[in-house]
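Enquirer: Single-letter residue listing:
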Amino acid sequence: MKVLMFGWEFPPHIAGGLGTACEGIVKGLAHNGVETLFVMPSASGDEDQSATTILNASDVAVANVSETVDEFINKVKFFYVDSNLVPYVDPEEYFDAIEKMRRESSTQTTVGFGQKFKFSGKYGANLMEEVARYAQVGGTIAMQHKDEFDLIHAHDWLTYLAGIAAKELTGKPLVVHVHATSYDRGDEKHMDSRVLEIEKRGMMAADRVVTVSYLTRNIVINKYGIDPAKVVTVHNAVDFSGRENISVERGVRDKVVTFLGRITFQKGPEYFIEAAAKVLKRTKNVRFVMAGSGDMMNRAIRQVARLGISDRFHFTGFLRGQEVQEMFALSDVYIMPSVSEPFGISPLEAMRSNVPSIISYQSGAAEVLKYALKVDFWDVDAMADDIYALLSYPALADFATKQGFDEVNELKWNGATAKLKEVYESILNQ
Amino acid sequence: MKKSICLYFQVHQPARLRLYRFFDIGKDSHYYDDYTDRTILKRIAQKCYLPMNKILLDAIKKQKGKFKVAFSITGTTLEQFDRYAPEVIDSFRALAKTGCVEFLCETYYHSLASLASQAEFEHQVLKHKAAIKEYFGVEPKAFRNTELIYSDSIGAQVHEMGFDTILTEGARHIMGWKSPDYVYNNDFKPEQKVLLRDYALSDDIAFRFSNRDWNEWPLTAEKFVGWMEAKEGEVFNLFMDYETFGEHQSAESGLFDFMAALPAIALGSGFEFQTPSEVAATHDSVGDISIPQPVSWADEERDVTAWLGNELQQESFNKLYSLQEKLSILDDATLWADYGRLQASDHLYYMCTKFFSDGEIHQRFNPYNTPYEAFINYMNVLSDFIIRVNNAIAEKQ
Numbered sequence: 001m002k003v004l005m006f007g008w009e010f011p012p013h014i015a016g017g018l019g020t021a022c023e024g025i026v027k028g029l030a031h032n033g034v035e036t037l038f039v040m041p042s043a044s045g046d047e048d049q050s051a052t053t054i055l056n057a058s059d060v061a062v063a064n065v066s067e068t069v070d071e072f073i074n075k076v077k078f079f080y081v082d083s084n085l086v087p088y089v090d091p092e093e094y095f096d097a098i099e100k101m102r103r104e105s106s107t108q109t110t111v112g113f114g115q116k117f118k119f120s121g122k123y124g125a126n127l128m129e130e131v132a133r134y135a136q137v138g139g140t141i142a143m144q145h146k147d148e149f150d151l152i153h154a155h156d157w158l159t160y161l162a163g164i165a166a167k168e169l170t171g172k173p174l175v176v177h178v179h180a181t182s183y184d185r186g187d188e189k190h191m192d193s194r195v196l197e198i199e200k201r202g203m204m205a206a207d208r209v210v211t212v213s214y215l216t217r218n219i220v221i222n223k224y225g226i227d228p229a230k231v232v233t234v235h236n237a238v239d240f241s242g243r244e245n246i247s248v249e250r251g252v253r254d255k256v257v258t259f260l261g262r263i264t265f266q267k268g269p270e271y272f273i274e275a276a277a278k279v280l281k282r283t284k285n286v287r288f289v290m291a292g293s294g295d296m297m298n299r300a301i302r303q304v305a306r307l308g309i310s311d312r313f314h315f316t317g318f319l320r321g322q323e324v325q326e327m328f329a330l331s332d333v334y335i336m337p338s339v340s341e342p343f344g345i346s347p348l349e350a351m352r353s354n355v356p357s358i359i360s361y362q363s364g365a366a367e368v369l370k371y372a373l374k375v376d377f378w379d380v381d382a383m384a385d386d387i388y389a390l391l392s393y394p395a396l397a398d399f400a401t402k403q404g405f406d407e408v409n410e411l412k413w414n415g416a417t418a419k420l421k422e423v424y425e426s427i428l429n430q
Numbered sequence: 431m432k433k434s435i436c437l438y439f440q441v442h443q444p445a446r447l448r449l450y451r452f453f454d455i456g457k458d459s460h461y462y463d464d465y466t467d468r469t470i471l472k473r474i475a476q477k478c479y480l481p482m483n484k485i486l487l488d489a490i491k492k493q494k495g496k497f498k499v500a501f502s503i504t505g506t507t508l509e510q511f512d513r514y515a516p517e518v519i520d521s522f523r524a525l526a527k528t529g530c531v532e533f534l535c536e537t538y539y540h541s542l543a544s545l546a547s548q549a550e551f552e553h554q555v556l557k558h559k560a561a562i563k564e565y566f567g568v569e570p571k572a573f574r575n576t577e578l579i580y581s582d583s584i585g586a587q588v589h590e591m592g593f594d595t596i597l598t599e600g601a602r603h604i605m606g607w608k609s610p611d612y613v614y615n616n617d618f619k620p621e622q623k624v625l626l627r628d629y630a631l632s633d634d635i636a637f638r639f640s641n642r643d644w645n646e647w648p649l650t651a652e653k654f655v656g657w658m659e660a661k662e663g664e665v666f667n668l669f670m671d672y673e674t675f676g677e678h679q680s681a682e683s684g685l686f687d688f689m690a691a692l693p694a695i696a697l698g699s700g701f702e703f704q705t706p707s708e709v710a711a712t713h714d715s716v717g718d719i720s721i722p723q724p725v726s727w728a729d730e731e732r733d734v735t736a737w738l739g740n741e742l743q744q745e746s747f748n749k750l751y752s753l754q755e756k757l758s759i760l761d762d763a764t765l766w767a768d769y770g771r772l773q774a775s776d777h778l779y780y781m782c783t784k785f786f787s788d789g790e791i792h793q794r795f796n797p798y799n800t801p802y803e804a805f806i807n808y809m810n811v812l813s814d815f816i817i818r819v820n821n822a823i824a825e826k827q
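Going line by line, the protein sequences match chains A and B. Going by my numbering, the first sequence opens with residue 1, and the numbers climb by one from there. Going by my numbering, the second sequence opens with residue 431, and the numbers climb by one from there.
This is chain A alone, in the form it adopts within the complex (with noise of 0.2 Å):
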């Protein structure tokens, strides 16, 4: 079997967790026996081809246009906006992209030579652009391969309207994959309209709709009524392959609760800090570390002031590379109070390091997590409980962090991709 995947991003060049998810499907894809050709806008040449074959959308021309590509184009001229329009970016990975994008200095414009287009593969000013002329490109790759695959696999809303240009022009079915909606992104009176719609369109024209979580299948149906036949959840996994947990010398005596990742609404940054207060009225041995940056973060330090603990809550700013590892290194508890989560694949890297996690029901990983405790995002007094539990008891603490760790090995995408292929295999077999 092989299969025609559409990508936004692949490691090793990534602004957020979409990349890592895909580099995880190919390979356990690979293992379970599906080939793949990934597509994605702007590859760099040092991704890791060993799983996969990758095809670079700015190395394609557009090939001679019939009447059938102009037609779809046409269909796509819809969703052509003028670059100069405020960008959508999806908040996923908005932190981590301007930082970067701020950091590498780099240009977003898209320079069209002669047929070709030069993809920045980031999530630029003219991401809307870019978007749309993806998928003439993918299009044309579709054509341009037709023989050598069986479908078509297009993840998250980037990627869509490559996907549907594809099906459309080869008669493969099509799957997409959900790993984030607009309504995980803030409420809908802030949502992109643009982004909606494509959304909506990608899930209708698909041939089976996966989501990575029932959380997320349930807003796929629920919000975007999509026939709940076609949405199959396949939960997200993690390849701890060659990682090593790494020993920090502590220089706090204290215990450490640790939240990390966008301080964001959606990520309930604000419910941590609550508890936390909780905490501290009980226990005066810990410490507690909001390590990320995001648009929340200068109220979420006005809150700890007006709280009067900042001498026990830190804020470490946006952590790279090793110092995230660093971060778990130094934790006795991780939190993840989030809102809404599609997935959230943190609290597994926190479990690896031995880090014994509490995470809000309102996430995909929850479903997954036995060994994770769990409360509901708004309940400041349950999550300052279960803080406070962690710390004093050891018991509680040691079994969390050993059962967690046999746990989170266990998340495989070996596992996860064999369901991905039965699904593949469902729609084949019609």
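Careful, some of the hints might be misleading.
To spell it out: a stretch of chain A is covered by chain B in this simulated footprint if at least three of its residues, at any positions, have a beta carbon under 8 Å from a beta carbon of chain B; those stretches are [to be verified]:
no. : region
1   : 175-182
2   : 293-302
3   : 379-386
Example chain B residues on the side facing chain A (calculated, C-beta under 8 Å, incomplete) [as the list claims (entries may be wrong)]:
no. : residue
4   : Phe453
5   : Asp454
6   : Gly456
7   : Lys457
8   : Glu745
9   : Lys749
10  : Leu757
11  : Met809
DEER-style ranges, computed between Cβ atoms [claimed, not checked]:
no. : chain 1 : residue 1 : chain 2 : residue 2 : range
12  : A       : Ser392    : B       : His460    : 49 to 57 Å
13  : B       : Lys557    : A       : Lys281    : 35 to 43 Å
14  : A       : Phe399    : B       : Lys457    : 29 to 37 Å
15  : B       : His460    : A       : Lys281    : 29 to 37 Å
16  : A       : Gln49     : B       : Gln476    : 31 to 39 Å
17  : B       : Trp607    : A       : Leu319    : 53 to 61 Å
18  : B       : His460    : A       : Phe318    : 20 to 28 Å
19  : A       : Arg253    : B       : Asp488    : 57 to 65 Å
20  : A       : Lys189    : B       : Asn641    : 42 to 50 Å
21  : A       : Glu249    : B       : Asp488    : 57 to 65 Å
22  : B       : Arg513    : A       : Glu249    : 26 to 34 Å
Calculated directly from the structure, the hints in this document are not laboratory data. C-beta: ideal position from N, C-alpha, C; glycine also.
Since the structure of chain A is already known, use the hints to place chain B on it.
Expert: For chain B alone, kept in the frame of chain A given last:
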């Protein structure tokens, strides 16, 4: 009686904090950015302290002792001079020797201790008094609090420490109908004379001098003396940061020439120069001045909101001074030195969020991009310091 001009210059440099991360807490207790301190101090020494001291010394000699000024130099600055630019100390000593320069007393660490703890306030005032005696061989008689912070009760406390003269801000909303150009006395302690800054004349030099949009630009010594001649009053208190000269206002603005010309022109027009203590000794008080709430010379508001205006600042301030009791039973010199440096008002100033009115002046001396960064960094340092204090207490017991 001749009208007097009283010039007082503030000399202060804080011990700036390095980027101190959460990961450093409990591991590394060196908090300071020595390199930046050294770079800034050496630059200002060349651009301001040394050339300006020379201009003042020349003027004193030329006017045969009729030109006088006063300085207040914080303890942290004296320490930095010692380490990075000892020649500046020598030039201040040369000024001290003329007998025409008065050195004022203040808190050693340029702190807000007067608003937090009477014991700590007194400790720092006495420490500074001893330092001035040691460096310049004179015992300070007049007092200026950090940023000219003053209230009736702060004045009374200072009086109890033996200071009959105190300097503060004379802005309009503090003075009401009264003029700052006379000598007043403390409402609680009538023996204490209060000298008030003529904010208009002081700011003409300190803020407006190089502003080409100002309708009085360019300002000459003749014009400036003319304004004082036309103004009613007995004494014109011109109080400003010493870094005004050559640092806030560049040498190219002509400010050095202005200051070099001022003494002769003022004396020629019948003014006399007096130091703060001389002003207090020769002028009678025209009445009580009542200032129940603390005032300062900072910002449009002239209150203490530049340092304690928002919740971040209040939190840092409260957390810091909650250590006072613990420190009082410790005699570790290193801890006390860090405690002092962490009290510098500058750290709180960096956390100020009043960006819209006085943002420009706040930003110019601020090593942080945002008040939040300043707060996080300060609290990380303070958290480490708290651990050290607690460890020292535990060891003692």
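Enquirer: Please go over all the hints and tell whether each is borne out by the structure.
Expert: Structure-based check of all given hints:
Counting residues of the region 175-182 of chain A whose CB lies closer than 8 Å to any CB of chain B gives 0, which falls below the minimum of 3, so the coverage claim is violated. Coverage of the region 293-302 of chain A by chain B holds in this model, with 4 residues showing a Cβ closer than 8 Å to a Cβ of that chain against a need of three. For a cut-off of 8 Å, the count of residues in the region 379-386 of chain A with a CB near a CB of chain B stands at 0, and the three-residue condition is violated. Hint status for B:Phe453: holds, given a least beta-carbon distance of 7 Å to chain A, under 8 Å.
Contact between B:Asp454 and chain A, as hinted, is supported at the beta carbon level, the nearest pair being about 7 Å apart and thus within 8 Å. With its C-beta approaching chain A no nearer than about 3 Å, B:Gly456 sits inside the 8 Å limit, and its interface hint holds. Hint status for B:Lys457: holds, given a least beta-carbon distance of 4 Å to chain A, under 8 Å. The criterion of a C-beta within 8 Å of any C-beta in chain A is met by B:Glu745, whose closest approach is roughly 4 Å, and the hint holds.
Look at B:Lys749: its Cβ gets to within about 5 Å of chain A, closer than 8 Å, so that hint holds up. A hinted interface residue such as B:Leu757 counts as satisfied when its beta carbon comes closer than 8 Å to some beta carbon of chain A; here the least separation is about 15 Å, so the hint is violated. The interface hint given for B:Met809 holds, since its Cβ lies 5 Å from the closest Cβ of chain A, which is under the 8 Å cut-off. Between A:Ser392 and B:His460 the Cβ separation comes to about 34 Å, which falls outside the hinted range of 49 to 57 Å.
The hinted range of 35 to 43 Å is satisfied by B:Lys557 and A:Lys281, whose Cβ atoms lie roughly 38 Å apart. For A:Phe399 and B:Lys457, the Cβ-Cβ distance of about 31 Å falls inside the hinted range of 29 to 37 Å, so the restraint holds. Our hint of 29 to 37 Å for B:His460 and A:Lys281 holds, since their Cβ atoms are close to 33 Å apart. For A:Gln49 and B:Gln476, the hinted distance range of 31 to 39 Å is not satisfied, since their beta carbons lie about 60 Å from each other.
Look at B:Trp607 against A:Leu319: about 58 Å separates their beta carbons, and that is inside 53 to 61 Å. A beta carbon spacing of about 24 Å between B:His460 and A:Phe318 agrees with the range 20 to 28 Å that was offered as a hint. For the hinted restraint 57 to 65 Å between A:Arg253 and B:Asp488, the CB-CB distance of approximately 60 Å keeps it satisfied. In this structure the supplied range 42 to 50 Å holds for A:Lys189 paired with B:Asn641, their Cβ-Cβ distance being about 46 Å.
A hinted range of 57 to 65 Å for the beta carbons of A:Glu249 and B:Asp488 is consistent with their spacing of about 58 Å. Distance hint for B:Arg513 and A:Glu249: a CB-CB separation of about 31 Å, consistent with the stated range 26 to 34 Å.
Hint check: violations occur at hints 1, 3, 10, 12 and 16; the rest are consistent with the structure.
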